[in-house]
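Visitor: Start from the sequences, fold in the hints, and give me the full structure.
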Amino acid sequence: MSEVGAAALSGNPREATGTVLLAVDGIHTYYGKSHILHGVSLEVGRGEVVGLLGRNGVGKSTTLKAIVGIVHPSRGDVRFEGDSITQLPSHRLARLGIGYVPEDRRIFPLLTVLENLRVGLDRQGVTKARKAELVDKVYTYFPVLAERRNQSGGTLSGGEQQMLAIARAMMLEPKIILLDEPTEGLMPRMVSQIREIIDVLHREAVAVLLVEQNVPLTLEASRRIYFIEKGVVRHHALASELQVDDPVIHQYLGV
Amino acid sequence: MGIPLDQILIQTINGIVTGMILALVASGLTLIFGIMDVVNFAHGELFMLGAYVGVLTLAVTGDFWIALISASLLIALLGAAIYLVTLRPLIGRDPLTTILATFGISLVLQNYALWQFGPVSRKIAEPIAGHFNLFYLDYPWYRVAVALLSAAIIGGFWLFLKFGTWGIWIRATTQDRVMAQAMGVPVPWVLAGVFAIGSGMAAASGVLFGPFGGVDPTMGLNWILRAFIVVVVGGMGSLGGSLAAAIFISLLEAYASLWVSPSQAVIVSFVVLIVTLLFRPTGLFVATPK
Numbered sequence: 001m002s003e004v005g006a007a008a009l010s011g012n013p014r015e016a017t018g019t020v021l022l023a024v025d026g027i028h029t030y031y032g033k034s035h036i037l038h039g040v041s042l043e044v045g046r047g048e049v050v051g052l053l054g055r056n057g058v059g060k061s062t063t064l065k066a067i068v069g070i071v072h073p074s075r076g077d078v079r080f081e082g083d084s085i086t087q088l089p090s091h092r093l094a095r096l097g098i099g100y101v102p103e104d105r106r107i108f109p110l111l112t113v114l115e116n117l118r119v120g121l122d123r124q125g126v127t128k129a130r131k132a133e134l135v136d137k138v139y140t141y142f143p144v145l146a147e148r149r150n151q152s153g154g155t156l157s158g159g160e161q162q163m164l165a166i167a168r169a170m171m172l173e174p175k176i177i178l179l180d181e182p183t184e185g186l187m188p189r190m191v192s193q194i195r196e197i198i199d200v201l202h203r204e205a206v207a208v209l210l211v212e213q214n215v216p217l218t219l220e221a222s223r224r225i226y227f228i229e230k231g232v233v234r235h236h237a238l239a240s241e242l243q244v245d246d247p248v249i250h251q252y253l254g255v
Numbered sequence: 001m002g003i004p005l006d007q008i009l010i011q012t013i014n015g016i017v018t019g020m021i022l023a024l025v026a027s028g029l030t031l032i033f034g035i036m037d038v039v040n041f042a043h044g045e046l047f048m049l050g051a052y053v054g055v056l057t058l059a060v061t062g063d064f065w066i067a068l069i070s071a072s073l074l075i076a077l078l079g080a081a082i083y084l085v086t087l088r089p090l091i092g093r094d095p096l097t098t099i100l101a102t103f104g105i106s107l108v109l110q111n112y113a114l115w116q117f118g119p120v121s122r123k124i125a126e127p128i129a130g131h132f133n134l135f136y137l138d139y140p141w142y143r144v145a146v147a148l149l150s151a152a153i154i155g156g157f158w159l160f161l162k163f164g165t166w167g168i169w170i171r172a173t174t175q176d177r178v179m180a181q182a183m184g185v186p187v188p189w190v191l192a193g194v195f196a197i198g199s200g201m202a203a204a205s206g207v208l209f210g211p212f213g214g215v216d217p218t219m220g221l222n223w224i225l226r227a228f229i230v231v232v233v234g235g236m237g238s239l240g241g242s243l244a245a246a247i248f249i250s251l252l253e254a255y256a257s258l259w260v261s262p263s264q265a266v267i268v269s270f271v272v273l274i275v276t277l278l279f280r281p282t283g284l285f286v287a288t289p290k
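If you read the sequences in order, they're chains A and B. The C-terminal position of the first sequence is numbered 255 in the numbering used here, with every residue numbered one higher than the one before it. The C-terminal position of the second sequence is numbered 290 in the numbering used here, with every residue numbered one higher than the one before it.
Treat the hints as calculated values from the structure; they're not laboratory data. Note that this is a predicted model, so its numbers are computed, not measured. Please note that the accuracy of each hint is not assured.
Unchecked claim - Going by beta-carbon spacing under 7 Å, a handful of chain A positions derived as facing chain B: (1) Val68; (2) Ser74; (3) Arg75; (4) Leu88; (5) His91; (6) Ala94; (7) Tyr100; (8) Asp104; (9) Arg106; (10) Phe108; (11) Leu110; (12) Glu115; (13) Arg118; (14) Val119; (15) Gly120.
From the three backbone atoms N, C-alpha and C, an ideal C-beta is built for every residue, glycine too.
Guide: What follows is the structure, encoded as structure tokens:
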């Protein structure tokens, strides 16, 4: 199976823009005895927005968790800026500049909004002025977080929690943010706000690996798309060459 | 035949004094449980060893406060070492394995103390000798000082948890260990740090309690049992809950001993424990869970 995935990749001349920031190379993961990823390979260039599409339960979230070190692949390699990070604990990865926004948001419910931000912000080597600057920046992007800065995270609405989860990852001054279904269950107005923030990240040269069910948004926001099926990357293409009703989309996402 | 008011007042003060020491023991226990789901059966032995380090340092330096601080620091280091060597490899396993491991450590430490120091109780002299008149009693100032000092340690710790970077890391790790680590919190060090802080607090209470009841190898047993009751009644993992429960239970015991002997008064704590487990197993002093 992994051979099919690898063949599809090597058969495709299109590559990440510029230098490669993140390279996932044939990773396999297991949850207990069930084999989840069967050799996933993908690349994200510096500052590039890349989409990862596929049906539920094919291993999209697990791919992100393997990159961020929450699950450790039993085979294969993850490289960040050229160095292997496969076996590093996740707190080291966060320090290297990998931000993670999980599917269920997982904000700290009993910490206030500001404390949620401070979890990632209070680290060595960041000056007080820089900290204030970073917090002010996310407050400009998400004014509602400024209003609720002293409210505990658990009292926020779903959309506000999603913004907090993204803002919290931005505190790490990441080189890449892994976004796992950021628009899931959100109102249309919130969805367009998430769409805007992906553009903001792109303008700031932060790479994004976006896992989504929302096909139009993914095609619009990303430069390239990977299609994943049964734990393997089956296909990949430039987003500009895909239509929402493309047969490829039907093949990997249709019911 | 009512109980005279003066006796009620005396028992109130007694209850608060023991309650504060108990709160100091229990807050370390509840903190460790909250952050790593480990029920630390060796906590009472850290309390006991802290008292012994206090006895030894006091013999050498003659200064109670140096003894208090050095016992806290030394036992904090011991706690971190115990965590790194025995508990860290077991994190994420069945809770039974950590219960057995800490129970084993408690037996080892208790018998080490018996072998090293013998069964005879040692004394720690009260560092504050004065008394004041409480109705017909000469009430030692030291007891009041202990209550205030315990309150200061718990208060300082609360401020540290509330405002410090490490405090935020500890709270974030307690709420979601995986996500805290993904946000760059060095979780293995935070867990070791929490174990060290909890152990240091147990040692401090051991030294503070020393002048009341003497220091012997089994002194931890009585306290750990009551601390467990406090942690369950206060709500596992809740610092404020433990403080409230420690005062509540100590006051109940103090009042009960107006009628019955102090050893029978302990029954009250168990009644509170059983009633809590039956009707509100998440704890009396925590917000209703959703």
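Visitor: All the hints need checking, so say for each whether the structure fits it.
Guide: Quick rundown of the hints versus the structure:
1. Val68: Result: holds, 6 Å to nearest chain B Cβ.
2. Ser74: Violated. Min distance 17 Å.
3. Arg75: violated, 22 Å
4. Leu88: violated, 11 Å
5. His91: Hint holds; A:His91 Cβ to chain B Cβ min 5 Å, cut 7 Å.
6. Ala94: Since chain B brings a Cβ to about 3 Å from A:Ala94, closer than 7 Å, the hint holds.
7. Tyr100: Holds: closest Cβ of chain B sits about 5 Å from A:Tyr100, inside 7 Å.
8. Asp104: This hint is violated: A:Asp104 lies away from chain B, its Cβ roughly 10 Å from the closest one there, beyond 7 Å.
9. Arg106: holds, 4 Å
10. Phe108: holds, 5 Å
11. Leu110: holds, 6 Å
12. Glu115: holds, 5 Å
13. Arg118: Since the shortest Cβ distance to chain B is 5 Å, the answer is holds.
14. Val119: holds, 5 Å
15. Gly120: holds, 4 Å
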